[in-house]
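Student: One letter stands for each residue in the lines below.
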Amino acid sequence: MIASVCHLFLALVGAPFLLSVINRTKAWIAGRHGQPWLQPYHDLLRLLRKGAVYSRTTSWVFRAGPLIGLAAVLTATTLVPFGQARALVAFQGDFIAFVYLLGLARLVTVLAALDTGSAFEGMGANREVWFSALTEPALMLSLAALAREVGGNGSLSLSVLHLGMSAAVWSRTGFVLALVAVAWVVVLLSENSRIPVDDPTTHLELTMIHEVMVLDHSGPDFAFILYGAALKLWLFAALFVGLLSPVKTGLPGVDSVIALAEVMGVAVGVGLVESVMARLRLPSVPQLLIGACAISSLAFLIERHGVLLP
Amino acid sequence: MTGLLEPALIVVILTNLAITASSRLAFGIRLVATQGVVAGLMPLVLSPEEVTVRLVVIGGLTVVLKGIVFPRLLDRTLRQAAVRREEDPPFGYKASIVGGVVTLGLAFWLTGPNRMPLPAPLASPLQLPAAVFTLLTGLFLIVARNNALNQVLGYLVMENGIFLIGLALALEEPLLLEMGILLDVFFGVLVMGVAIFHISRAFDSIEVDELTTLKD
Chain W
1 MIASVCHLFL ALVGAPFLLS VINRTKAWIA GRHGQPWLQP YHDLLRLLRK
51 GAVYSRTTSW VFRAGPLIGL AAVLTATTLV PFGQARALVA FQGDFIAFVY
101 LLGLARLVTV LAALDTGSAF EGMGANREVW FSALTEPALM LSLAALAREV
151 GGNGSLSLSV LHLGMSAAVW SRTGFVLALV AVAWVVVLLS ENSRIPVDDP
201 TTHLELTMIH EVMVLDHSGP DFAFILYGAA LKLWLFAALF VGLLSPVKTG
251 LPGVDSVIAL AEVMGVAVGV GLVESVMARL RLPSVPQLLI GACAISSLAF
301 LIERHGVLLP
Chain U
1001 MTGLLEPALI VVILTNLAIT ASSRLAFGIR LVATQGVVAG LMPLVLSPEE
1051 VTVRLVVIGG LTVVLKGIVF PRLLDRTLRQ AAVRREEDPP FGYKASIVGG
1101 VVTLGLAFWL TGPNRMPLPA PLASPLQLPA AVFTLLTGLF LIVARNNALN
1151 QVLGYLVMEN GIFLIGLALA LEEPLLLEMG ILLDVFFGVL VMGVAIFHIS
1201 RAFDSIEVDE LTTLKD
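Quick mapping for you: the protein sequence lines, in order, are chains W and U. Heads up: the first sequence begins at 1 in our numbering, then just goes up one per residue. Heads up: the second sequence begins at 1001 in our numbering, then just goes up one per residue.
No lab work stands behind these hints: they were computed from the structure. Some clues are possibly wrong.
[Claimed, not checked] Computed footprint of chain W on chain U; a stretch qualifies when at least three of its residues, placed anywhere within it, have a C-beta under 8 angstroms from a C-beta of chain W:
no., segment
1, 1006-1019
2, 1093-1105
3, 1125-1133
[As the list claims (entries may be wrong)] Pulled from the structure, derived: some chain U residues nowhere near chain W, Cβ distances all over 12 angstroms:
no., residue
4, Leu1041
5, Val1053
6, Ala1082
7, Pro1090
8, Pro1113
9, Leu1139
10, Ile1162
11, Leu1169
12, Ile1199
13, Thr1213
Glycine included, every Cβ here is placed at the ideal spot set by N, Cα and C.
So here's chain W without its partners, still in its complex pose:
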């Protein structure tokens, strides 16, 4: 229990640091020095000290968006296991709650974007919803495959899946897990608006997706959105290493350190992907996402038909 609370604080404090790791990785590849390690925290503090500007055409929906969005992501954080400990909240079926809490966060962001009445933000909302509709089946199907594979008696709890993961499972069904891992890399990049789906560094360009929805938010509201996005990246990285990494010693403290290193490793991986790849053309993004869906359906079908004998 205490370990779970510690891990929750670690997530809350460490999330913006992942952005720094990605940024420094990209800078290192490009031969630049990069921004200071604590820059994301300074950015958040600066925004929190500012006042917010609200357009007269917006309603309470616009103001509620960042608050509800951050609240939903924070709630989802309590469901994700880390290290050797269970998540703070764990119940049968919590991964469905996890996926839909993140869905709720997206919904309020989209509604806030539409509330401004800006055609530009409507376009971003359109793309965000279209792409997330394609990543959600990929995430759900691969979680379902994992639940059958690792959870034993069809357990639908992230914490149970996390504790059931071991090197033995990998040696038995490595290729199903490899398929799930490939699908999740695409889901992670897409859900967090990273290259090759979206470019987080572009501003005011017709190609962007997530950034364009939040153009009208300012001050603390924008800080909430940025912090929520960082936390979401942490959540997906923690889920990725927690449910797929077999490296476990059984010692609580050591496992937490290993998991932390793995999460940072995921951030370095994202940085490497962003350094070597260009953003995909917008029409070919759905193809990538549908491909991820196809791969996770394959994992699910193999699992569903009991191909792998224990």
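Place chain U on chain W using the hints.
Tutor: Relative to the frame of chain W, chain U by itself:
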């Protein structure tokens, strides 16, 4: 000893999905070649303890033909026709991946327990679904693509599927029969290559839609 079998079958399934999704013809040729090589080596993977001269000869011939000869022939045709990709197939690429997944589900359903009687238990339960899926993918490519070269690829994928089904149902096929099939496929690809060349000469494209404008 089926340690390599299931990864090999998954590679076959993944190449099928990739072929339905790729618009670049050269990439499609590579994918079909990879699939042919993996399928050709399947008999050796299935029974590594009893590798006979027969198995090695057939496996080697299949690899040489499907992995080297066919890609070269098709690449040459592609260069002559000066086409790089099929832009606008009757069944779009995104829809094709979805179609591929539906076909995969169909293949698993068709080969499910008690639905398809088998002469002997299989080395892997994935064997028959992968084989049927390959067959259906080939059929799908022939129907859903307009480009003559893509249709040839569909034909080759279908042949791989039939080969895999044969492997699942009867490991010991007569040598003469296997040789005959390989010879047929070889001449099939050779003749189709020539036909595509002539289509490209006559119409400046290798879309088979153009053939409907032919009059006698």
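Student: For each hint, tell me whether it holds in the structure or not.
Tutor: Going through the hints against the structure:
With 6 residues having a beta carbon nearer than 8 angstroms to a beta carbon of chain W, the segment 1006-1019 of chain U meets the requirement of three or more and the stated coverage holds. With 8 residues having a Cβ less than 8 angstroms from any Cβ of chain W, the segment 1093-1105 of chain U passes the three-residue criterion, so the hint holds. Only residues whose beta carbon comes within less than 8 angstroms of a beta carbon in chain W count, and the segment 1125-1133 of chain U has 3; three or more means the coverage holds. In this structure Leu1041 (chain U) is separated from chain W by more than 12 angstroms, as the shortest Cβ-Cβ distance comes to about 17 angstroms.
The Cβ of Val1053 (chain U) lies farther than 12 angstroms from every Cβ of chain W, with a closest approach of about 32 angstroms, so its non-interface assignment holds. The non-interface label for Ala1082 (chain U) is consistent with chain W: the shortest C-beta to C-beta separation is roughly 24 angstroms, beyond 12 angstroms. With a cut of 12 angstroms on Cβ distances, Pro1090 (chain U) stays outside the contact zone with chain W, its closest approach being about 17 angstroms. The beta carbon of Pro1113 (chain U) sits about 9 angstroms from the closest Cβ of chain W, which is not more than 12 angstroms, so the claim that it is off the interface is violated.
Here Leu1139 (chain U) stays apart from chain W, with its beta-carbon at least about 18 angstroms from theirs, past the 12 angstroms limit. Against the 12 angstroms criterion, Ile1162 (chain U) stays outside the reach of chain W, whose nearest CB is about 22 angstroms from its own CB. Against the 12 angstroms criterion, Leu1169 (chain U) stays outside the reach of chain W, whose nearest CB is about 18 angstroms from its own CB. No beta-carbon of chain W comes within 12 angstroms of the beta-carbon of Ile1199 (chain U); the shortest separation is about 28 angstroms.
Taking the minimum C-beta to C-beta distance to chain W, about 30 angstroms, the non-interface status of Thr1213 (chain U) holds against the 12 angstroms cut.
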